[in-house]
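Using full-length UniProt numbering, the letters of the sequence shown map in sequence onto residues 1 to 76.
Just so you know, the hints here were simulated from the structure itself, not pulled from any lab data. We put the beta carbon where it would ideally sit given N, CA and C, even for glycine. Be aware that a few hints might be false.
[To be verified] For each label pair, taking beta carbons as the anchor points, the in silico distance ranges come out as:
| hint | residue 1 | residue 2 | range |
| --- | --- | --- | --- |
| 1 | LEU64 | SER26 | 50 to 60 Å |
| 2 | HIS36 | ARG61 | 33 to 43 Å |
| 3 | TRP30 | PHE67 | 49 to 59 Å |
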Amino acid sequence: MPRSWWAYHEIGHGGWWFRDPVKNASFMPWVLTTSHIQSVILPIYEYCYSSMLYLRNLFIRSRLLAFFRSLVTYDT
1 MPRSWWAYHE
11 IGHGGWWFRD
21 PVKNASFMPW
31 VLTTSHIQSV
41 ILPIYEYCYS
51 SMLYLRNLFI
61 RSRLLAFFRS
71 LVTYDT
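Whenever a hint applies, use it, and build me the whole structure from the sequences.
Here it is as structure tokens:
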């Protein structure tokens, strides 16, 4: 907080947010890409991930993969 107070009073931009068109132009694609990922891509990923969890639970609890586990021997 002391640094923001110093920047506000000493540098004299006139406020907490200095409107620089070059920095804002490079910042806006980042904001738009992040919002796109969170609104479009993550729900699709969440659906696929939950489907994989359901399939995993089906295989584990129904013992469909028990044959493959019986082939493994543990010699300890």
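Structure-based check of all given hints:
no.	hint	verdict
1	LEU64 - SER26: 50 to 60 Å	52 Å, holds
2	HIS36 - ARG61: 33 to 43 Å	37 Å, holds
3	TRP30 - PHE67: 49 to 59 Å	50 Å, holds
Violated hints: none; the structure is consistent with every hint.
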